[in-house]
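2 protein chains.
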Amino acid sequence: MSRVFNFSAGPATLPLEVIEEIQRDLPDYAGSGMSIMESSHRGKEYSAVHDEAVANTKELLQLDDDHAVLFMQGGASTQFPLIPMNLLGAGQTADYTNSGTWAGKAIKEAKLLGNVNIAADCGKEIPTRVPTESELQLTPGAAYLHITSNETISGAQWKSFPKTEAPLVADMSSDMLSRPFDANQFGLIYAGAQKNLGPAGMALVVIRKDLADRAPENLPSIFKYKTHIEANSLYNTCPCFTIYTYMLVTRWIKKMGLNALYQQNIDKAGKLYAAIDGSDFYKGTAVQECRSDMNVTWRLTNEDLESKFIADAAEQGLKGLKGHRSVGGVRASIYNAFPTAGIDALVSFMQEFERANG
Amino acid sequence: MSRVFNFSAGPATLPLEVIEEIQRDLPDYAGSGMSIMESSHRGKEYSAVHDEAVANTKELLQLDDDHAVLFMQGGASTQFPLIPMNLLGAGQTADYTNSGTWAGKAIKEAKLLGNVNIAADCGKEIPTRVPTESELQLTPGAAYLHITSNETISGAQWKSFPKTEAPLVADMSSDMLSRPFDANQFGLIYAGAQKNLGPAGMALVVIRKDLADRAPENLPSIFKYKTHIEANSLYNTCPCFTIYTYMLVTRWIKKMGLNALYQQNIDKAGKLYAAIDGSDFYKGTAVQECRSDMNVTWRLTNEDLESKFIADAAEQGLKGLKGHRSVGGVRASIYNAFPTAGIDALVSFMQEFERANG
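Chains L and R are the protein sequences, given in the same order. Per the working numbering, the very first residue in the first sequence carries number 2; after that it's consecutive. Per the working numbering, the very first residue in the second sequence carries number 2; after that it's consecutive.
Hints in this document: simulated from the structure, not taken from any laboratory. Just so you know, not all the hints are guaranteed correct.
Pairs involving identical chains hold if they fit within one copy or between any two copies, as the list cannot separate such chains.
[What the hints assert, rightly or not] Cross-link-like lysine-lysine pairs, in silico, DSS-like; alpha carbons within 30 Å at most:
id, residue 1, residue 2
1, K59, K227
2, K210, K112
3, K227, K125
4, K125, K112
5, K45, K284
6, K106, K45
7, K309, K45
8, K125, K225
9, K106, K227
10, K125, K160
11, K225, K112
12, K309, K284
13, K227, K210
14, K225, K109
15, K309, K256
16, K125, K106
Looking at chain L on its own, in the form it has when it is part of the complex (with noise of 0.2 Å):
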């Protein structure tokens, strides 16, 4: 078994021990007889599963009983029409900031659905960045604020949240669970599993109850927060086998301690800052107060030596670096998963690549 370092923004590394748990427990899973895979989702072997990523997930993020915790199919892509299709009612407004792609798409999803507000637009700029909390432009009576946390293309993170009356909602795809924060402060907060929490093929969504009472009466039973609250996300069959694995990593999470985790993660993202910073060969794309953590971006002289950079560290097992198809340039996503060795592997590589090409 030979593990290369894997910085793919989505799906991500997870942590090995992680893997190894599952791969010990097909095809007999606790004794039940059966793979984890193949149990009822009203079972009891699975409904413990369950129980467990509720409570899990309730205790890392210090939840309190006004919020709920839902385990929702469809990815952070399915919340964008959601949110507005259960939260904007008829002739309200909802504020959307604009910080790159992924907020983009949550706003274009919007502008379908009700209207919408943009209270900040950075999203085509360069050096890439988060706007700021006092640049907001927001609208009294706002149904609430959209953000994106953290810009999982761009490389931008908002490092705090804005307060705000209007209920914050917030698409941390690329950031949950990566760092200590204030979720009670938030209306709704979603986030694809493929980054930090587990495979592909579930959303996590932490939504405040009183707010899924807005959605109207005629929205069908399968879009509507109110529905996954009242079944405890089993109102259909759920994606059980990603819920096991998100169970799986919280448990490690919380091993791992999450305000450890976050040191963590600053000191990796400090590392590849720091040699990117080191040295004129390499051009950050985010302006500095905004770098993120989880995607660090940035770009060499020309494409030619960017795709020569990318297929050289491949060949050294530094695998999906290549920025997003969408922007180019050279992406390192380094989720909680992502050991430190491969950090300082990388750093290695780009000063090698440096003196050999430079």
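Place chain R on chain L using the hints.
Only chain R this time, still in chain L's reference frame:
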């Protein structure tokens, strides 16, 4: 390792060789240095899996080029609203047959979204059944006719499919790929994966491509079949691991042969129905002509005896025989991957149980 006989309705038993292959391929898939659940959904390893899953489906269903194969999230329950949202124009009527719980759910959601005509209603009849083609009261110019090919809860199954002018739409969640049929006759087929196809977390959709053009422009992108057709189910991050498992299951179906599996399914169900019919102690739930080859349902003379039957069976490694909580009784779900040895064990148990309690 001791595997039980798992009669769960879904998630359900998978071929042991598939589970073992998944196990072998963790944590290093095909020498890539990472598991398949950590691989980028746009990388070469996963792309090969995805393409094979599509190709195997097309081959097994002998699909023509007018039809597309989609992997979507949210289970069959998400298809309930998506179908009218995409296919049912303003002012049009959709025909639905009501044959039980699942058809009823499809109808309930469609009614929120447009005009629905109940073309036949035997949803509450006991013994349970599906409509006959001759009793259908179809709407001229209907947007489509929706049927539920196999009612997982009641154990009633369409044995042949009606020929209709309107596109035929079918929920095949519990009998997809369990028998040969003319898939090209259908406008749209959908099936939650967690019965014959793989783990929970994916819906297989087969759609006649021209029908996707009916969707209104302002439908959110993720809800449009057209989006997923154009992106080959990669519009957003797909549930890679579930699709990977589905691909392995389709490989297994190809190896076994769909016709041979069908014959085996008939034989398996036949043995159980013979055991039911051979005794006054057991009473089948569905009318003879509609008896499902996938979900065999029956009653005992009283509920206490049913509870004892289910509990005693579980002690002998025959698990998951409890009927759906909404109807009670006994249900043996015996999908493609359920082994004949488990049928024989259940038949023996039924005879013993009758001797001891009859």
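The hints, checked one at a time:
1. K59 to K227: Answer is within: at 18 Å inside a copy they meet the 30 Å cutoff, but 38 Å across does not.
2. K210 to K112: both (24 Å within a copy, 27 Å between copies)
3. K227 to K125: Answer is between: at 28 Å across copies they meet the 30 Å cutoff, but 36 Å inside does not.
4. K125 to K112: Cα proximity of K125 and K112: one copy only (19 Å, versus 43 Å across).
5. K45 to K284: The answer is between: 29 Å across copies meets 30 Å, while 53 Å in one copy does not.
6. K106 to K45: between (39 Å within a copy, 26 Å between copies)
7. K309 to K45: Answer is between: at 18 Å across copies they meet the 30 Å cutoff, but 52 Å inside does not.
8. K125 to K225: between (33 Å within a copy, 27 Å between copies)
9. K106 to K227: both (24 Å within a copy, 17 Å between copies)
10. K125 to K160: within (20 Å within a copy, 57 Å between copies)
11. K225 to K112: Cα proximity of K225 and K112: in one copy and across copies (19 Å, 16 Å).
12. K309 to K284: This pair counts as within: shortest intra-copy Cα distance 16 Å, inter-copy 71 Å.
13. K227 to K210: within (8 Å within a copy, 33 Å between copies)
14. K225 to K109: both (20 Å within a copy, 15 Å between copies)
15. K309 to K256: neither (39 Å within a copy, 42 Å between copies)
16. K125 to K106: within (13 Å within a copy, 44 Å between copies)
In this structure, only the earlier hint numbered 15 is contradicted, and the remaining ones agree with it.
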